[in-house]
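Colleague: Listed here are the chains, written in short residue letters.
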Amino acid sequence: SAVISQKPSRDICQRGTSLTIQCQVDSQVTMMFWYRQQPGQSLTLIATANQGSEATYESGFVIDKFPISRPNLTFSTLTVSNMSPEDSSIYLCSARPITGVGYGYTFGSGTRLTVV
Amino acid sequence: TQLLEQSPQFLSIQEGENLTVYCNSSSVFSSLQWYRQEPGEGPVLLVTVVTGGEVKKLKRLTFQFGDARKDSSLHITAAQPGDTGLYLCAGTSGSARQLTFGSGTQLTVLP
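Line by line, the protein sequences are chains A and B.
According to my numbering, the stretch in the first sequence is residues 1 to 116, in order.
According to my numbering, the stretch in the second sequence is residues 1 to 111, in order.
This is chain B alone, in the form it adopts within the complex (with noise of 0.2 Å):
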């Protein structure tokens, strides 16, 4: 079973901090995504990183993965209120098809 752990599990931060969330794992995976989830809704893709040391920005948001494709980062610059929510990564290896989700960051960015 191939697992993702996320760090930290919890973080609540000011308007206008820096923030980053680890997703690491033991096992390769082919590609990875993270993805936000707000109460009563799915999540949402936020990105796919798919190539070893590949670094993708969206507005603030950073996402990078790494050079073995066994990890990922996410870096928000500048955290608003609305970025609040639960961002979870998820990896696809090989040939399967399903989602291995990560274990979840639950942010909160107070005003």
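With the rest of the complex left out, here is chain A (with noise of 0.2 Å):
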């Protein structure tokens, strides 16, 4: 299965700052996801990263807040924009494969954030 490095793994912000996450994919994947986790809650879908368009957001999340890039098959970016203590959280990259036995996805490792 395919392999992601996501990075940074924690921060510790600024309100007001912003922050790149990014994720690599060891092997070319269909299609690339960003969540949002409170430690020991379930995962919430922000929005899919699609190669070479605009990414598609779900309710209650906007580009102007988290844009997000896919200039290829393998890598995306998510920005959290101008930060506040509300978006203290873990943000998760996930993948899933072009051929995949079983539809497993992947995740990144995720990436602690700390605003403060």
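There could be a bad hint or two in this list.
[Stated by the list, open to error] Covered by chain B, according to a simulated footprint, are these stretches of chain A (three or more residues, beta-carbon under 8 Å):
no. : region
1   : 29–42
2   : 104–116
[What the hints assert, rightly or not] One side only, chain B facing chain A, incomplete, derived with CB under 7 Å:
no. : residue
3   : E41
4   : G42
5   : L45
6   : T51
7   : G52
8   : R97
9   : Q98
10  : F101
11  : G104
12  : Q106
Hint data in this document are derived by calculation from the structure and do not stem from the laboratory.
Because the structure is a prediction, the values reported are computed rather than measured.
Don't be surprised by glycine CBs; every beta carbon is placed ideally from N, CA and C.
Using the supplied hints, reconstruct the complex from the two chains, each of which is provided in its own coordinate frame.
Modeller: Printed below as a string of structure tokens:
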């Protein structure tokens, strides 16, 4: 299965600043996704990162706050803009392989963001 | 919006005990997956079930997909401390490729 390298693994940021999270997949994938998770809780989908076009955002998430890029089939970034303490969370990227047995999705190890 | 509800939310048991985690929805899913997540890591896929009534076994873990493809269960036999983690069910439906995650079950197995 695909392996995802996500960085940074954690960061502490000042409110009002922005942080860009990067995900690199070791093989071509059809779809990439960005999630947010509070520790010990479930995952909430932020958006689907589309290769070469604008991301598709879920209800409650907007491009101005969470701009996403996906310039090719193996790389994507999520920016958390104009951060506030409410943005403190774990952010995860995920990928769906082009040919997947059992439709398995692979996840990065997450970025733990603390906004102070 | 399709919702997946998991129960129990928290489970703390002694090593050697058996347990079952449930994942229920009012919606039909084309496939359902189970993941385990440990602190500081992303979820790791355990199994995918796609056929109503399907049962899959992975060592001490048994997964079942309901006949109507609206629910699933995960049964662990003789739990071990290494089974500790957050267990998440997640489903896909129709042509949608994104996962809908369940609410999660935090399992702690005490030695």
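Colleague: Each of the hints needs a verdict: does it hold here or not?
Modeller: So, going through the hints one by one against the coordinates:
Look at the region 29–42 of chain A against chain B: 7 of its residues bring a Cβ nearer than 8 Å to a Cβ of that chain, three or more, so the hint holds. A stretch counts as covered by a chain when three or more of its residues have a beta carbon under 8 Å from one of that chain; for the region 104–116 of chain A and chain B the count is 8, and the coverage holds. A cut of 7 Å between beta carbons decides the hint on E41 of chain B: the least distance to chain A is about 5 Å, and the hint holds. This hint holds: G42 of chain B has a C-beta 3 Å from the nearest C-beta of chain A, less than the 7 Å allowed.
Annotation: interface hint on L45 of chain B holds; nearest CB of chain A at approximately 4 Å, less than 7 Å. A hinted interface residue such as T51 of chain B counts as satisfied when its beta carbon comes closer than 7 Å to some beta carbon of chain A; here the least separation is about 12 Å, so the hint is violated. Annotation: interface hint on G52 of chain B violated; nearest CB of chain A at approximately 16 Å, more than 7 Å. For R97 of chain B, the interface hint holds, since its Cβ comes within 7 Å of a Cβ in chain A; the closest pair sits about 5 Å apart.
For Q98 of chain B, the interface hint holds, the least distance from its beta-carbon to any beta-carbon of chain A being 6 Å, beneath 7 Å. The closest approach between the C-beta of F101 of chain B and any C-beta of chain A is roughly 5 Å, which is under the 7 Å cut-off, so the hint is satisfied. For G104 of chain B, the interface hint holds, since its Cβ comes within 7 Å of a Cβ in chain A; the closest pair sits about 4 Å apart. Nearest Cβ of chain A to the Cβ of Q106 of chain B: about 6 Å, under the 7 Å cut. The hint holds.
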